[in-house]
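From first to last, the protein sequence lines stand for chains A, B and C. Just so we're aligned: the first sequence equals residues 1 to 652 in the working numbering. Just so we're aligned: the second sequence equals residues 1 to 299 in the working numbering. Just so we're aligned: the third sequence equals residues 1 to 155 in the working numbering.
If you are wondering where the hints come from, they were derived from the structure by calculation, not from laboratory data. Idealized CB from N, CA, C, for every residue including glycine. Among the hints, erroneous ones may be present.
[What the hints assert, rightly or not] Quick list of in silico lysine-lysine cross-link-like pairs, DSSO-like style, CA-CA up to 27 Å:
#1 A:K461 <-> B:K142
#2 A:K507 <-> A:K378
#3 C:K127 <-> A:K524
#4 A:K378 <-> A:K255
#5 C:K77 <-> A:K560
[Stated by the list, open to error] Part of the chain B face toward chain A, derived, beta carbon under 8 Å:
#6 E34
#7 E37
#8 A159
#9 N166
[To be verified] With the Cβ distance kept under 7 Å, some of the chain C side facing chain A (calculated, not the full set):
#10 A28
#11 R35
#12 T40
#13 G51
#14 Y81
#15 A82
#16 V83
#17 P100
#18 F101
#19 I102
#20 G103
#21 D105
#22 G107
#23 A138
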Amino acid sequence: MRIGVFVCRCGTNIANTVDTEAVANKALEYPDVTHATDYMYTCSEPGQQEIQQAIKEHALQGIVVAACSPRMHEATFRRAVEKAGLNRYMFEQANIREHCSWISSDIEANTRKAMDLVRMSVEKLRFNQPLFSSYVPINKRVLVIGGGVAGIQAALDCAEGGLDVVMVERESTIGGKMAKLDKTFPTIDCSSCILGPKMVDVAQNDNIHLYAYSEIDSVSGYIGNFKVGIRKKATYVDWDACTGCGLCTEKCPAKKCYDRFNEGLGTTTAINIPFPQAIPKKACIDADYCRYFTKGKCKVCQKLCPTSAIRFEMEDEIVTEEVGAIVVATGYDLFDDSVYGEYGGGHYPDVISAMQYERLLSAAGPTGGHIRRPSDGKAPKDIVWLSCIGSRDASVGRPYCSGICCMYIAKQATMTRDHLPDCNCYVSYMDIRAPGKNYDEFVRRAQEEYGVQYFRGRVGKIYPKGDRLIVQGADTLLGIQIEIEADLVVLATGIEPSDGARGLAEKLRISYDDYGFYMESHPKLRPVETNTAGVYLSGVCQGPKDIPASVGQGSAAAAKVQALFSRDTIETDPQVANVKEIACIGCGKCIDVCPFGAIQWKTLRDGSQKAQVLETVCQGCGLCNATCPPKAIQLQHCTDDQILAEVNALCG
Amino acid sequence: MAKRIAYYPGCSCSGMAIEYDQSTRVLCDALGIELVEISDWNCCGSTPAHSYDPLLGAALAGRNLAIAEAQGFDVVMTPCPSCLRGLKNAVKVYEERKQDFLDLLQMPFSGRIRIISVLQLLYEDVGPETIKNRVQYPFTGKAIVPYYGCLLTRPPEFAQFDDPENPVSLDELLRAVGATVPDFAYKTECCGAAYGVTENDIVGKLTGRLLDMARRVGADAVGVACPLCQQNLDLRQSQVNRYWRTKFRMPILYITQVIGYALGIDSERLGTKKLFISPDALLRDICKHFEKVDESHLG
Amino acid sequence: MKSEAASTPEQELRIVGFLCNWCSYGGADTAGICRFKQPTDLRIIRIPCTGRMDPLFAVKALIYGADGVLVSGCHPKDCHYAVGNYYARRRMEVLKRFLPFIGIDTGRFRYSWVSASEGQLWQQVVKEFSEQIHRLGANPGLHEKIDVEASLFLF
Numbered sequence: 001m002r003i004g005v006f007v008c009r010c011g012t013n014i015a016n017t018v019d020t021e022a023v024a025n026k027a028l029e030y031p032d033v034t035h036a037t038d039y040m041y042t043c044s045e046p047g048q049q050e051i052q053q054a055i056k057e058h059a060l061q062g063i064v065v066a067a068c069s070p071r072m073h074e075a076t077f078r079r080a081v082e083k084a085g086l087n088r089y090m091f092e093q094a095n096i097r098e099h100c101s102w103i104s105s106d107i108e109a110n111t112r113k114a115m116d117l118v119r120m121s122v123e124k125l126r127f128n129q130p131l132f133s134s135y136v137p138i139n140k141r142v143l144v145i146g147g148g149v150a151g152i153q154a155a156l157d158c159a160e161g162g163l164d165v166v167m168v169e170r171e172s173t174i175g176g177k178m179a180k181l182d183k184t185f186p187t188i189d190c191s192s193c194i195l196g197p198k199m200v201d202v203a204q205n206d207n208i209h210l211y212a213y214s215e216i217d218s219v220s221g222y223i224g225n226f227k228v229g230i231r232k233k234a235t236y237v238d239w240d241a242c243t244g245c246g247l248c249t250e251k252c253p254a255k256k257c258y259d260r261f262n263e264g265l266g267t268t269t270a271i272n273i274p275f276p277q278a279i280p281k282k283a284c285i286d287a288d289y290c291r292y293f294t295k296g297k298c299k300v301c302q303k304l305c306p307t308s309a310i311r312f313e314m315e316d317e318i319v320t321e322e323v324g325a326i327v328v329a330t331g332y333d334l335f336d337d338s339v340y341g342e343y344g345g346g347h348y349p350d351v352i353s354a355m356q357y358e359r360l361l362s363a364a365g366p367t368g369g370h371i372r373r374p375s376d377g378k379a380p381k382d383i384v385w386l387s388c389i390g391s392r393d394a395s396v397g398r399p400y401c402s403g404i405c406c407m408y409i410a411k412q413a414t415m416t417r418d419h420l421p422d423c424n425c426y427v428s429y430m431d432i433r434a435p436g437k438n439y440d441e442f443v444r445r446a447q448e449e450y451g452v453q454y455f456r457g458r459v460g461k462i463y464p465k466g467d468r469l470i471v472q473g474a475d476t477l478l479g480i481q482i483e484i485e486a487d488l489v490v491l492a493t494g495i496e497p498s499d500g501a502r503g504l505a506e507k508l509r510i511s512y513d514d515y516g517f518y519m520e521s522h523p524k525l526r527p528v529e530t531n532t533a534g535v536y537l538s539g540v541c542q543g544p545k546d547i548p549a550s551v552g553q554g555s556a557a558a559a560k561v562q563a564l565f566s567r568d569t570i571e572t573d574p575q576v577a578n579v580k581e582i583a584c585i586g587c588g589k590c591i592d593v594c595p596f597g598a599i600q601w602k603t604l605r606d607g608s609q610k611a612q613v614l615e616t617v618c619q620g621c622g623l624c625n626a627t628c629p630p631k632a633i634q635l636q637h638c639t640d641d642q643i644l645a646e647v648n649a650l651c652g
Numbered sequence: 001m002a003k004r005i006a007y008y009p010g011c012s013c014s015g016m017a018i019e020y021d022q023s024t025r026v027l028c029d030a031l032g033i034e035l036v037e038i039s040d041w042n043c044c045g046s047t048p049a050h051s052y053d054p055l056l057g058a059a060l061a062g063r064n065l066a067i068a069e070a071q072g073f074d075v076v077m078t079p080c081p082s083c084l085r086g087l088k089n090a091v092k093v094y095e096e097r098k099q100d101f102l103d104l105l106q107m108p109f110s111g112r113i114r115i116i117s118v119l120q121l122l123y124e125d126v127g128p129e130t131i132k133n134r135v136q137y138p139f140t141g142k143a144i145v146p147y148y149g150c151l152l153t154r155p156p157e158f159a160q161f162d163d164p165e166n167p168v169s170l171d172e173l174l175r176a177v178g179a180t181v182p183d184f185a186y187k188t189e190c191c192g193a194a195y196g197v198t199e200n201d202i203v204g205k206l207t208g209r210l211l212d213m214a215r216r217v218g219a220d221a222v223g224v225a226c227p228l229c230q231q232n233l234d235l236r237q238s239q240v241n242r243y244w245r246t247k248f249r250m251p252i253l254y255i256t257q258v259i260g261y262a263l264g265i266d267s268e269r270l271g272t273k274k275l276f277i278s279p280d281a282l283l284r285d286i287c288k289h290f291e292k293v294d295e296s297h298l299g
Numbered sequence: 001m002k003s004e005a006a007s008t009p010e011q012e013l014r015i016v017g018f019l020c021n022w023c024s025y026g027g028a029d030t031a032g033i034c035r036f037k038q039p040t041d042l043r044i045i046r047i048p049c050t051g052r053m054d055p056l057f058a059v060k061a062l063i064y065g066a067d068g069v070l071v072s073g074c075h076p077k078d079c080h081y082a083v084g085n086y087y088a089r090r091r092m093e094v095l096k097r098f099l100p101f102i103g104i105d106t107g108r109f110r111y112s113w114v115s116a117s118e119g120q121l122w123q124q125v126v127k128e129f130s131e132q133i134h135r136l137g138a139n140p141g142l143h144e145k146i147d148v149e150a151s152l153f154l155f
């Protein structure tokens with residue numbers, strides 16, 4: 001191999017503390033080096049031209065540039081050598097600035113160190129191989145997991161751009177948590193009035209195929225070519241035949257079923273449609289409550305259904321969809337407030353969660369929008385909100401702020417004062433966190449115009465006194481203990497990741513944090529991407545956020561998908577693992593350790609099993625390389641030979 | 001069940017609260033647990049020792065543990081929550097400053113000994129189910145409210161037992177002996193005992209609140225597991241009555257006395273005579289009920 | 001094949017660093033950008049992830065005469081490849097226990113976690129480790145006692 005070495009002076013950045021000329025001269029002594037020189041600014045246009053010229057003049061086959069960090073300019077120099085006709089991977093960069101000239105002023109020692117670093121790069125380069133990217137076609141369909149507002153936005157934006165969208169929703173209707181809300185802060189917009197039309201758009205858009213009451217069963221493949229198994233859970237109703245007339249729900253005799261949509265405040269029937277605006281508006285039987293399933297006879301709905309849509313024999317069904325990208329928008333669940341035994345959530349009927357209160361406020365809710373205590377149906381005179389239930393409390397494993405509770409408390413208190421002007425509203429808070437457009441003004445309005453009484457401090461306990469509740473706590477600003485007699489206590493429960501979020505993450509091979517929120521690629525600069533190429537995040541599944549932020553991230557995820565799909569093929573990074581089949585002993589250890597599922601079994605014609613790397617999935621970490629007992633699997637451009645060549649250059 | 005554990009009575013249980021000590025010993029005996037008093041035990045240090053010198057205070061309590069270890073025990077039980085805290089603190093300080101601690105102690109110490117309260121022993125090691133099966137005189141129809149006080153389950157990293165804010169162990173033990181256990185919201189509220197000498201008003205107010213709540217939820221008695229709580233609620237009732245103009249006569253019984261009585265141990269041996277507000281009427285009721293049932297069987 | 005190592009003056013020793021590209025290599029860059037002065041003994045080899053780090057690299061370096069080996073990567077939980085550094089941590093722990101068996105002082109090997117933003121921490125790690133290696137002095141090496149190549153076959 002004929003190697004050229006270029007030592008950059010970087011103005012005085014390097015030349016001040018490294019004798020670059022001596023380094024270049026010394027390089028000429030190294031094996032295969034046929035050309036070496038130093039230059040003022042190697043990364044500049046003339047600097048790059050000098051390299052390109054030298055490649056032609058001296059017929060160089062590999063280039064070493066000793067300059068700044070490769071994290072800075074490796075891409076620049078790779079392009080430069082590629083323009084001169086070399087393969088871009090026949091290039092190595094020695095870092096003699098950040099790791100050498102800048103961290104010591106001893107010229108002699110620095111020069112010696114720079115020589116070593118160049119030597120290491122030369123020795124490594126001697127083992128470099130030209131590498132070539134491959135191109136794989138993209139299947140331009142996108143899967144959206146979760147039909148809350150974030151998922152709906154992502155799906156609509158993708159469909160708008162002409163993409164085929166597959167949406168999977170776990171419940172029997174889309175809409176998510178937002179569909180349960182009465183109003184939204186800080187504008188007091190009616191939630192179903194702004195979400196409803198979007199839900200209808202999803203139903204009517206020809207580009208969107210909706211699987212409601214379905215869950216992700218399996219995911220395989222890689223960016224551009226995922227294969228997804230979707231489990232369509234049995235609804236016991238043929239949705240092609242069901243017209244959503246609701247006759248069955250009127251006549252169903254099992255009327256004492258837990259109403260999930262109303263957070264258990266009311267009861268519903270075993271066959272039901274969650275709410276009038278449900279999309280799709282189809283009935284679904286809850287087998288836990290259905291008399292036919294629990295007692296063996298009933299079938300009233302079957303007898304009544306005008307379209308004969310009831311199918312008691314229905315079973316779960318798995319369908320396979322092929323997509324090129326996946327948007328995860330699985331949203332959140334609310335913290336279980338019964339963890340705080342001292343507050344009596346789930347124990348005292350008039351201690352309710354904020355989502356339950358939201359259902360009380362909703363005109364479509366169990367009380368028709370009238371605020372009534374669950375215990376006796378009376379209108380409350382005093383209501384206390386407790387903030388941070390399952391937020392900012394390490395003792396229940398939720399040290400993070402849920403970010404939305406301060407705002408929805410202000411909203412609920414404001415609306416309560418509108419509904420019941422004589423009702424006293426108290427809010428116990430730790431800090432008020434209202435960092436959004438018009439947010440703080442909204443909280444101020446609740447306090448100043450609506451007369452909601454805020455006191456700073458934690459509540460210690462709640463206990464009944466007659467038919468009322470005593471809320472006992474501290475006002476830490478006044479430094480006094482306070483007791484409030486209340487008719488109703490609302491626990492502002494915080495956000496936690498959706499039930500089953502971890503299991504789904506493992507299927508998608510994306511990572512999650514301690515609590516189960518999905519990890520983005522970079523907390524600031526890549527908030528929508530995951531470390532698995534082709535899988536994007538949207539909404540609260542990535543971390544607590546409010547509706548505008550969720551919608552924004554939904555659109556951002558759609559933009560990422562559109563950017564990916566704007567090309568027909570994906571260029572892969574060739575710095576990936578590669579199996580030398582003759583050496584592979586088929587132990588499968590690499591398959592076990594690969595964090596990305598990038599290695600699979602391959603059966604040769606003689607029947608033997610070998611590991612095979614999926615180039616498009618491999619991220620090039622090299623974990624398999626270090627694990628492989630016979631070293632049959634090698635990370636290209638960072639092989640054992642190359643690393644040992646560097647070690648030998650130093651210690652040989 | 002021959003189980004031998006080290007027993008640390010502490011100062012309260014060898015003085016003011018001798019009936020707690022007596023009832024603990026006879027109950028454990030009846031349950032087949034052999035309590036071996038730590039030989040030559042000394043004060044746990046309580047509040048004064050650690051306020052004066054945290055390390056010295058910890059070593060003072062640690063000496064008792066070291067002796068128990070030397071006697072070959074791996075569990076030490078104390079009825080007093082304050083002693084419990086003191087002993088557990090010794091292990092905590094030992095973990096943090098091993099060498100300093102050992103230099104002061106001048107005895108071998110491993111820090112591996114398990115320290116529990118009598119309540120934890122009854123709840124975790126014996127279990128409500130076992131107790132339920134051995135009850136002879138059930139407290140049927142009697143409402144007893146559980147009162148844990150401030151220290152028994154807190155601070156949680158010390159206690160490592162039950163829920164710090166809403167404990168249920170005492171509730172379940174009381175239920176096991178057949179008592180009705182009303183919701184008692186003040187089960188972990190402060191009784192004000194620390195101000196017993198200096199600020200009588202505060203104690204009167206706090207204790208009064210507890211008794212008032214107990215009365216309102218329909219309690220016939222209060223079940224406690226702390227000598228100071230017992231003393232405060234029991235001894236102070238006349239003071240409270242003066243302060244609030246009330247007429248409380250609420251018996252305050254140790255959980256060991258309640259269980260012991262339910263198991264058929266003679267009230268004399270349980271030291272119920274030592275209580276200021278006599279529980280005799282309550283206990284007689286239970287006995288009467290029992291005798292009636294018993295006679296019908298015999299007849 | 002002897003490198004410059006042999007001809008360097010006594011005060012400079014040979015420390016080989018294996019740094020993951022995403023965190024510690026970036027951290028070393030940050031230290032450079034901030035001009036945090038460091039001893040000059042260290043030579044850094046860039047690897048994609050500490051999970052790529054085969055313990056044999058460290059063993060080879062130490063057998064061939066490196067005076068110290070430093071491996072550094074992303075903090076646990078922050079691995080760019082999700083789990084690479086967990087594997088690395090276990091391997092490095094095993095390596096540490098193994099080194100005395102081949103007559104190498106455990107003090108000649110260290111692993112650390114330094115993120116791309118922790119230039120100051122990197123300076124501290126390099127200083128401490130270099131001082132430690134200087135206290136241990138030059139690696140007596142195995143080349144005089146046993147046949148290096150033959151010994152490597154044993155592994």
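For each hint, the structure was consulted:
Annotation: proposed proximity of A:K461 to B:K142 holds, straight-line Cα distance about 26 Å (limit 27 Å). Under the criterion of a C-alpha separation no larger than 27 Å, the hint pairing A:K507 with A:K378 is inconsistent with the structure, at around 48 Å. Straight-line distance between C-alpha atoms of C:K127 and A:K524 comes to about 31 Å, which puts the hinted pair past the 27 Å bound. Only pairs whose Cα atoms come within 27 Å are accepted, and A:K378 paired with A:K255 is accepted, the gap being roughly 24 Å.
Between C:K77 and A:K560 the CA atoms are separated by roughly 26 Å; this keeps the pair inside 27 Å, and the hint holds. Contact between B:E34 and chain A, as hinted, is not supported at the beta carbon level, the nearest pair being about 35 Å apart and thus beyond 8 Å. Interface hint status for B:E37: violated, as the beta-carbon distance to the closest one in chain A is roughly 36 Å, over 8 Å. Checking B:A159 against chain A: minimum C-beta separation of about 13 Å lies over 8 Å; hint violated.
Because the closest C-beta pair between B:N166 and chain A is about 3 Å apart, less than 8 Å, the hint holds. Interface hint status for C:A28: upheld, as the beta-carbon distance to the closest one in chain A is roughly 6 Å, under 7 Å. Interface hint at C:R35: satisfied, since its Cβ lies 5 Å from the closest Cβ of chain A, which is below the 7 Å cut-off. Because the smallest distance between the Cβ of C:T40 and any Cβ of chain A comes to about 4 Å, under 7 Å, the interface hint for this residue holds.
For C:G51, the interface hint holds, the least distance from its beta-carbon to any beta-carbon of chain A being 4 Å, beneath 7 Å. Checking C:Y81 against chain A: minimum C-beta separation of about 4 Å stays under 7 Å; hint holds. For C:A82, the interface hint holds, the least distance from its beta-carbon to any beta-carbon of chain A being 5 Å, beneath 7 Å. Residue-level restraint check for C:V83 holds (minimum Cβ-Cβ distance to chain A is 5 Å; threshold 7 Å).
For the restraint placing C:P100 at the interface with chain A, the shortest Cβ-Cβ distance is roughly 20 Å, beyond the 7 Å limit, so the hint is violated. Look at C:F101: its Cβ only gets to about 20 Å from chain A, farther than 7 Å, so that hint breaks. Annotation: C:I102 was flagged as interfacial toward chain A, and the flag is violated, the nearest CB pair being 15 Å apart, outside 7 Å. With its C-beta approaching chain A no nearer than about 16 Å, C:G103 sits outside the 7 Å limit, and its interface hint is violated.
Given the 7 Å rule on beta carbons, the hint for C:D105 is violated: about 16 Å separates it from the nearest Cβ of chain A. Nearest Cβ of chain A to the Cβ of C:G107: about 18 Å, over the 7 Å cut. The hint is violated. Here the hint on C:A138 is broken, as its CB sits about 12 Å from the closest CB of chain A, past 7 Å.
Checked against the numbered hints listed earlier, the structure breaks hints 2, 3, 6, 7, 8, 17, 18, 19, 20, 21, 22, 23; every other hint is satisfied.
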